[in-house]
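Visitor: Listed here are the chains, written in short residue letters.
There are 6 protein chains.
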Amino acid sequence: MSDYCIQLINPNTCQAMTEKMARAARQAAPADTRILAVNPQEGVPSIEGHFDEAVAVTGVLQQIAAGRQQGVDGHIIACFGDPGLRAARELATAPVVGIAEAAMHMATLVATKFSIVTTLPRTVIIARHLLQQYGFSDHCASVRTIELPVLALEEQEAVAREETRRQCLEAIKYDHCGAIVLGCGGMAGIARELTRETGVPVIDGVSAAVRLVGALAALGLTTSKHGDLAYPLKKPLTGMFAGLNPF
Amino acid sequence: MSDYCIQLINPNTCQAMTEKMARAARQAAPADTRILAVNPQEGVPSIEGHFDEAVAVTGVLQQIAAGRQQGVDGHIIACFGDPGLRAARELATAPVVGIAEAAMHMATLVATKFSIVTTLPRTVIIARHLLQQYGFSDHCASVRTIELPVLALEEQEAVAREETRRQCLEAIKYDHCGAIVLGCGGMAGIARELTRETGVPVIDGVSAAVRLVGALAALGLTTSKHGDLAYPLKKPLTGMFAGLNPF
Amino acid sequence: MSDYCIQLINPNTCQAMTEKMARAARQAAPADTRILAVNPQEGVPSIEGHFDEAVAVTGVLQQIAAGRQQGVDGHIIACFGDPGLRAARELATAPVVGIAEAAMHMATLVATKFSIVTTLPRTVIIARHLLQQYGFSDHCASVRTIELPVLALEEQEAVAREETRRQCLEAIKYDHCGAIVLGCGGMAGIARELTRETGVPVIDGVSAAVRLVGALAALGLTTSKHGDLAYPLKKPLTGMFAGLNPF
Amino acid sequence: MSDYCIQLINPNTCQAMTEKMARAARQAAPADTRILAVNPQEGVPSIEGHFDEAVAVTGVLQQIAAGRQQGVDGHIIACFGDPGLRAARELATAPVVGIAEAAMHMATLVATKFSIVTTLPRTVIIARHLLQQYGFSDHCASVRTIELPVLALEEQEAVAREETRRQCLEAIKYDHCGAIVLGCGGMAGIARELTRETGVPVIDGVSAAVRLVGALAALGLTTSKHGDLAYPLKKPLTGMFAGLNPF
Amino acid sequence: MSDYCIQLINPNTCQAMTEKMARAARQAAPADTRILAVNPQEGVPSIEGHFDEAVAVTGVLQQIAAGRQQGVDGHIIACFGDPGLRAARELATAPVVGIAEAAMHMATLVATKFSIVTTLPRTVIIARHLLQQYGFSDHCASVRTIELPVLALEEQEAVAREETRRQCLEAIKYDHCGAIVLGCGGMAGIARELTRETGVPVIDGVSAAVRLVGALAALGLTTSKHGDLAYPLKKPLTGMFAGLNPF
Amino acid sequence: MSDYCIQLINPNTCQAMTEKMARAARQAAPADTRILAVNPQEGVPSIEGHFDEAVAVTGVLQQIAAGRQQGVDGHIIACFGDPGLRAARELATAPVVGIAEAAMHMATLVATKFSIVTTLPRTVIIARHLLQQYGFSDHCASVRTIELPVLALEEQEAVAREETRRQCLEAIKYDHCGAIVLGCGGMAGIARELTRETGVPVIDGVSAAVRLVGALAALGLTTSKHGDLAYPLKKPLTGMFAGLNPF
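Chains as they are written, first to last, in the working numbering: chain S, 1 to 247; chain C, 1001 to 1247; chain F, 2001 to 2247; chain A, 3001 to 3247; chain Y, 4001 to 4247; chain P, 5001 to 5247.
I should point out that these hints are in silico values taken from the structure, not numbers from a laboratory. Among the hints, a few may not be true.
Within a straight-line C-alpha distance of at most 30 Å, the following computed DSS-like cross-link-like pairs (lysine-lysine) qualify [said to hold, decoys possible]: (1) Lys1225(C) <-> Lys2173(F); (2) Lys4234(Y) <-> Lys5234(P); (3) Lys3173(A) <-> Lys4173(Y); (4) Lys3225(A) <-> Lys173(S); (5) Lys3234(A) <-> Lys173(S); (6) Lys4173(Y) <-> Lys1173(C); (7) Lys3173(A) <-> Lys225(S); (8) Lys4173(Y) <-> Lys5234(P); (9) Lys234(S) <-> Lys3234(A); (10) Lys1173(C) <-> Lys3173(A); (11) Lys1173(C) <-> Lys2234(F); (12) Lys173(S) <-> Lys2173(F).
Same shape as in the complex, but just chain S:
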């Protein structure tokens, strides 16, 4: 029997990616921790821009609400843009961690500068905005892209993996980084291998988030309900959002 249950939310509707991330999460989790992997039924099959993120947020919040009812000990938002993170924190009692922030925090603990290797060029701005929000702009040596869409990580796995490895090596060689952050949930599962192959710490946000949210839970730290992360004010949500109503 597990002591802790962590909800892993894939914000997109791609079941294969949910399963891949669940495998990585389970590999990263301690023995006493169960991973509950979910994804919305409705939404967008992959997230590669501001619009995709916006569409995904409702599903994330529905899952947070569901996880909260199930009494999970922590939630992970498993998309590198951390979509809906602050809104999720308002809704949740347990800690909520995004995989981008998880990987970035970890990277700053093992290197003075890290590089991010992500998917399409249009997502670079999202990573840059997160770096600024989290305070890590000065800790980031570069953001590189494999110039392949998210789903290529499922459908052309070998090609995508090879290009990821190549960008990691170039970042190490040219950008003066000491660690690599993998910039997509779909890259979960290859971090340990890439760490071996590249000689620097390569960090997958899914694994990092499992351990971080587990750490918060074990320390008895839950999301602050004082101030701007207090539960949402009670209001009559209507239509397709009625289900989100937390009361």
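Go by the hints and put chains C, F, A, Y and P onto chain S.
Guide: Chains C, F, A, Y and P only, in chain S's frame:
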């Protein structure tokens, strides 16, 4: 007959607020410009936190998509958190302006420092994040609150107005600001009066946005479709999001 | 008869540039707005550095004082360094907008990052300082130069135009910008064409300023007279500056 | 038998504080993790300034070298100034985490702003410098002090505890923070109680570091040896430093 | 006979202030250094805002040009706003130092935070902008004002001196600064006394600049003529500016 | 007989480097100033990383304590990382200046941007952190390396000098800097020659620090003893640190 049509999107479902903002927008618009004021049918009746914003975003995007089909010349997101602004810009061809950014930009043109007077304390963090994103943190002297919810601006209009005036005067007296930004769409319509009463420029984002988006339209400037604001990648959106599919 | 009169101040003494900018301004202005284009009789024929700016400032202030006496509804400082902007705001009652800030503000509304294409390399530092002052350093992808002096825009128009176009295209290709800001008043008049040719919004500060200052005027927003932009303290200005005395 | 061994280094020579922190660390550690608590034999009995930190660093490095020889899985520098952190990372193979950074990282995951409650006013500047280095200046609402020296936490425990509680409550009330970071290793052991008493997450860096360094170890992430954290260059260290020679 | 000649430029036309600053400068100068104190014949009698600064710049540049012809070894711009500093550097060969930057640089060498005590509230924004330009925003604990105009330092010397002392003491007590920067050239001559009376380093920019510009001269460091500080481009300056033409 | 005595502390144990820096210091010093050049007996022979710096700090503090007893008028920490600077300031009464800060301050007075030319790539991060701490990140155009260890400056002097010159020239050509800061104490003595050869101000921190600390001493400015630079609290330092005890 109007030359320009600007879509004013109230992201919440409060019809009274839509109408009030429409009046302010029409008063601010030039003679050749028509205001098309809309709000989502489903969503949240007022926006006072990250969660409320997240819920509102779907409605904003639906309206953007509708406005685009109607061929409007510009879109305004009329909630002080500018919810969904970047996603809306991906979806839109015409320019999209949020009322928070509109008011802040204008304020920096008439004063070296401005203060924001907004509604509830929990929304202050949203204003602070916007200031950082837009580059205006150093131009903001203070963010003050009237400690009343958004709908008080409809339901206790006199009280809310008086408290708004009081906070403006205190900001001028104690915070060394030269102008005031009204931090809620529901405060539209009182800016000119407050300008007279306080002796400093008081800026309402709805009016400011009408003129800004009109300026962009008149200059032939539309949202960049090069890079991260390019149209969303074509994907099979499902369920309640299918309607958002822009193709 | 016009409702609004906007004073367009070319800070240098080059009459041809004043006329070119006046044409661009009139094209950008709404029907109800008259453009009053002026330049100092004495000063410097083009502005390409800190010294040139400093020399130009007295002329700018003389024109602001004159415009104020004529009761204009707004002033534009039409040189990309926005020379004397804050001093002008102290002296003026009506709103004052610089063409650099005007173009930069507009650019942030249609793209997440913009590039600047300006004249000589020695002016780059001026653009960088303005970006920092206005809060837009993080919104600027690059500052590029055509490596031609300002007056080449008058005397070798075709060459300068072609090189401007080339730098715009390179910025789009290599610097990940979504929009271009033209970094010299002498580039007024080619923005719409360049927008068509490059496929991204290309923004000319003169046109942008006409619409921005017009927006402020229409909204009843004038320069704050509270605090550091209050009218200059009454003092006996002497010698060639006596004419500047605003009392 | 433990799977992991984490070395907890108290940089000062106060044995009582080492023991108190060891107790907090053991309480925070998972069952499979052993805490090896050490402190230098020579140095300074408490750390309350730049000079004290500088004196403490040699001891920290000696302990890191010793821990490395013993094959520990991670090192914790258990003083809120994180003295010698970067130097320790050069010397170590395993991950090294300071208690200040640990607490700050955790705080940003459960609140949008945190306050720090530390000991003497002269240490505030140290906290401020760390906030800047780690990127968290904008996430910090305030740094407050109990105006008692570090050793008061041992010798006047009840008084110090009460004053700590009082400062936490004032920070929550006046500074708009959502979480509290305890700014001294000597405050270890009271975080859970203060969390209950104050209603917001109160974070002790020792516990946080135990879980963070454990997370890194479990994920197979060790300190980057590429670039500026590579092992120190081989040099003939002399005199009292000969013992530090890692070769 | 002196080895070095330093030109002290008072940018305003107040002869009494020029003389007071010259006395302070001579007291601060080494034996081998002669102070050549000048002020423009025409301009503004005191500088308390952006407009006053703008008016003063022409006179500063005329004096720089004159000093250059006389072969001085360095120039000081002796007004706390450092008006025309960059333009002066273009025009000069010898080093040019402003008294605000001089005092700020020195302050950061003897304290981790300094406060500024200046004259009128409307000049605070000028100090803030300089702090940002020079990189010292984070080193400044506060900017305080004596709420007296510049000329009060001449005409009500005792009152102004007492109020300056009072603000220094309050800054020390409440703002956590370790040093004070006197924010007006007219405060020259009282720094040593205030240092004694307050117990912290109180820095007068005139004295600081004399030693800094002397240091540069002695080290053979002159203003860079590579890049944006190269001599102004040769142009036909006209009218009252013809005299500024450096060729 | 000298009026002033400045203690030049080489933080490493390389006697040859101490002597070279002493020669540069004496050349830079005014006639009334004596240079007391020292280095620790024990420590590290050259400083090329965080660990080396940490090892060197104890020696720096011992020398500061010794210098203080001898009544020197100022201390210089003559290693480009400014190791132990803040701790030294706590311990000292006289002013303390690091050679990195000295060179950077001077560079900002003669150019709008400077480049740093230093030794090994692993020291770049140290320079970057100092730039951030001192507020000069935006004033630095680039940090370049000669890719030679510190001691090569002694043992392969001609090669190292030539490579230094080459990097200076490349920085001037490609990085848009107006001045060069030499990023190692071992480069003392070649700044004047390089200034001649490159045509831009090349600044050696040792010379710069001699003049800066001399300026502070002459102005009667000593290290603030108010706040965080107050003397270290009285504590029983033990073991090899007992000698550091300042009481």
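Visitor: Each hint: holds or not?
Guide: These are the hints, each one checked on the structure:
In summary, the hint linking Lys1225(C) to Lys2173(F) is supported, as the alpha carbons are separated by about 14 Å, within the 30 Å threshold. For the proposed pair Lys4234(Y) and Lys5234(P), the alpha carbon gap of about 64 Å is over 30 Å, so the pair is violated. Only pairs whose Cα atoms come within 30 Å are accepted, and Lys3173(A) paired with Lys4173(Y) is accepted, the gap being roughly 24 Å. A threshold of 30 Å between alpha carbons decides the hint, and for Lys3225(A) with Lys173(S) the separation of about 14 Å falls inside it, so the pair holds.
Proposed proximity of Lys3234(A) and Lys173(S) is supported: the alpha carbons are some 23 Å apart, at most 30 Å. Between Lys4173(Y) and Lys1173(C), the direct Cα distance comes to roughly 24 Å. Compliance with the 30 Å bound is thereby established for this hinted pair. This hinted pair checks out: Lys3173(A) and Lys225(S) have alpha carbons roughly 14 Å apart, not beyond 30 Å. This hinted pair checks out: Lys4173(Y) and Lys5234(P) have alpha carbons roughly 23 Å apart, not beyond 30 Å.
At most 30 Å may separate the alpha-carbon atoms for a hinted pair to count; Lys234(S) and Lys3234(A) exceed this at roughly 64 Å. Straight-line distance between C-alpha atoms of Lys1173(C) and Lys3173(A) comes to about 24 Å, which keeps the hinted pair within the 30 Å bound. Proposed proximity of Lys1173(C) and Lys2234(F) is supported: the alpha carbons are some 23 Å apart, at most 30 Å. Taken as a hint, the Lys173(S) and Lys2173(F) pair is honoured in the structure, with Cα atoms around 24 Å apart against an allowance of 30 Å.
Consistency with the previously given hints fails for numbers 2 and 9, ordered from lowest to highest.
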